[in-house]
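Q: If you read the protein sequences in the order shown, they are chains B and X.
Note that the numbering used here has the first sequence beginning at 813, numbered continuously upward.
Note that the numbering used here has the second sequence beginning at 813, numbered continuously upward.
Any copy, or any two copies together, can satisfy a pair, since identical chains are not distinguished.
Mimicking DSSO-like on lysine-lysine, the simulated pairs with C-alpha atoms at most 27 Å apart in a straight line are:
| id | residue 1 | residue 2 |
| --- | --- | --- |
| 1 | Lys863 | Lys847 |
| 2 | Lys1001 | Lys1211 |
| 3 | Lys1070 | Lys950 |
Keep in mind the hints are simulated off the structure, nothing from the lab.
These numbers come from a predicted model, not from an experiment.
What follows is each chain in one-letter form.
Number of protein chains: 2
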Amino acid sequence: MPFDYIPPLLTHNNKKIVLCVLDGLGGLPMIMGGKTALETAKTPNMNRLAKEGMIGQTIPIRPGITPGSGPAHLALFGYDPLQFDIGRGALSAAGVGLKVNQGDVAARGNFCTLDKDGMIIDRRAGRIPSNESLPIVKKLQGVQIPGVTVEVEQVKEYRFAIVMRGPNLDHHLEDSDPQVTGVPPLPVKATRKEAESTASLFNQWILEAKKVLADEPKANGITLRGFATDPGLTSFKDAYGLHAACIAVYPMYRGVAKLVGMDIIQFEGEKPQDEFNTLAQHWNDYDFFFVHIKKTDSMGEDGNFDGKVHIIESVDQALPELLNLKPDVLIITGDHSTPCKLRSHSWHPVPFLLWAPETHRPDEQDEFGEGACSHGSLGTFPALNTIPLALAHAEKLIKYGA
Amino acid sequence: MPFDYIPPLLTHNNKKIVLCVLDGLGGLPMIMGGKTALETAKTPNMNRLAKEGMIGQTIPIRPGITPGSGPAHLALFGYDPLQFDIGRGALSAAGVGLKVNQGDVAARGNFCTLDKDGMIIDRRAGRIPSNESLPIVKKLQGVQIPGVTVEVEQVKEYRFAIVMRGPNLDHHLEDSDPQVTGVPPLPVKATRKEAESTASLFNQWILEAKKVLADEPKANGITLRGFATDPGLTSFKDAYGLHAACIAVYPMYRGVAKLVGMDIIQFEGEKPQDEFNTLAQHWNDYDFFFVHIKKTDSMGEDGNFDGKVHIIESVDQALPELLNLKPDVLIITGDHSTPCKLRSHSWHPVPFLLWAPETHRPDEQDEFGEGACSHGSLGTFPALNTIPLALAHAEKLIKYGA
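The whole structure should be built from the sequences, with the hints applied where relevant.
A: What follows is the structure, encoded as structure tokens:
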């Protein structure tokens, strides 16, 4: 339970909350004295919301800690990733629609290229494209070993997810990816005694899998990592009383949303307006919407400053459709920073905007950017506070104590 | 113990601390672009203190949580209400001078009006005025049952406090107020086995009480709620080394102050200057004064913006008398926000002013208001930090470690 004092305070109303996450939103100037991508982007709509509402900046995990996508989203949803340890395997499996029940063991899989001696020569199988890897994943789906059942689904390119189901499985296993080339994949090893038979089962499965992959020119080997089981998180409904929906293009984010019990809405298209269109179509079905925009992060990772500016502007241009729905609480933020200058996720605080015209206390800031957010009236605060603040501004919490 | 690292650091001096709480001080603008009540009020004295001293804003309980008065004051006094669970019955009883020892069971009582079939037709007995209810409370004081002693005191109007003393009592009891009319009061029920005999004793007492109230036209019934025993809080003296006094008009606030071991000063009058006069008279007797101004909150709950402005101005006008005493540390803040716009307590951060001319570090803010406080050098911080900050600025804490 993220906040055990919240469920007794929950009260129902028809107000609607939208949490719009621009992945990796926070940035850095490329040169001294410059502006960040968010500050450079022309965002008249976000600036108006910032002027009318209130802004601040969040610490995703802990000060100085650079988060991965999974932990960063869990924090935004109020589940402290240092308290709730959720393996990447469970996230990936959930993200491609594989069920992970308690006792199942999920992992992330990579195709790799092995030479004739079984040494890894490419850890990502030449970044084999998705259309090429799909038939290879189909082959893997036929690989079974006695005593357990194994399910495999494609993630993207050289990546897949795997779930093993059966009696007495234990997920305390070490990654088999050695992280370097010129050596063979590691055997799956148990990190505690109870997991030894599960390690052996995964190693048997890998052996069988290698047989069906033997003729593949690139994807003739496999590594597994992020072994995990269902973390058994309290659902969004139980934790916050919210009937919640996820609108996201990428499986990973659907996976995290699913782990906290959100409904995943299927839709066509990849652009911000496609996502906001989907939101509009389902507006009456939910009281909480998590909308995830991926490409701000991708541009950050690519070091593409103009590209990141452009993505932010495209979200701003699509915003009026969302605003026409008259959300009671709209939060626009990121899960972490991904400065183009660093070409990677970073620990820097994340711009945060909360607009709730009935209940917000406007501050004196009138634009949405890192500099303004560091002066906003919400201050610098843990991302964990996001949902409690949203619930409060939607007047979904009664008074604590008389 | 609120902060176990503080007692070993305490050192005695003659410096005096005043904590002046304007209940429900924080607010919201009534219209977009407007000002809050505090920002609207003409407060030349508070503005001077803000200019000379330092300001910030507090989170009363946790982000997004709207506090009741009891928890909000406990937080200001450094007792985390999520850690120290204190029933309202114990607060009310303490507030009217009834001792609540460990093992005693206290509750809040309401007179109600019952029809001839015993159904509640008015849960507050027509809000019977205090002068009419006093003789009825006297009647109740005569109602006793075998095996225990029962004490009753008037709170105000239709409300009273009750304490039962005797062997093997247990306060795990449910409210008997059904919260609706047209039904009879509920029997007092135990929420655990050990409390069943106590439930039975309260039901016996209510039965006897109904006999003596039978002829009352309005107050012929009783409901009880908020059953609690002494929470056994560490006293202010032990926690902070402070000889502390409470100057408050309303019983509730005296009650909380008493629970943490403050002396309650009796005085005539209800106005800020009456409270500051009382402070002046007892200036040499204590080193910590908690002064509570109630009506800012009442005006907020009534949605009376001009009224709230007026109360804040009346406090400001009375401040010179307090300042003439030359307090070493003066804190002016609220326990929570009560925006006139919402007509209720809220979760919004609370303006906070700390003036300690010998030790404060002045910031660049020069007025006392929500906007300025969100930019103050104290930042946004838990209300729990209030007393440690006061002790520090009064130089009552030695260095931690060498």
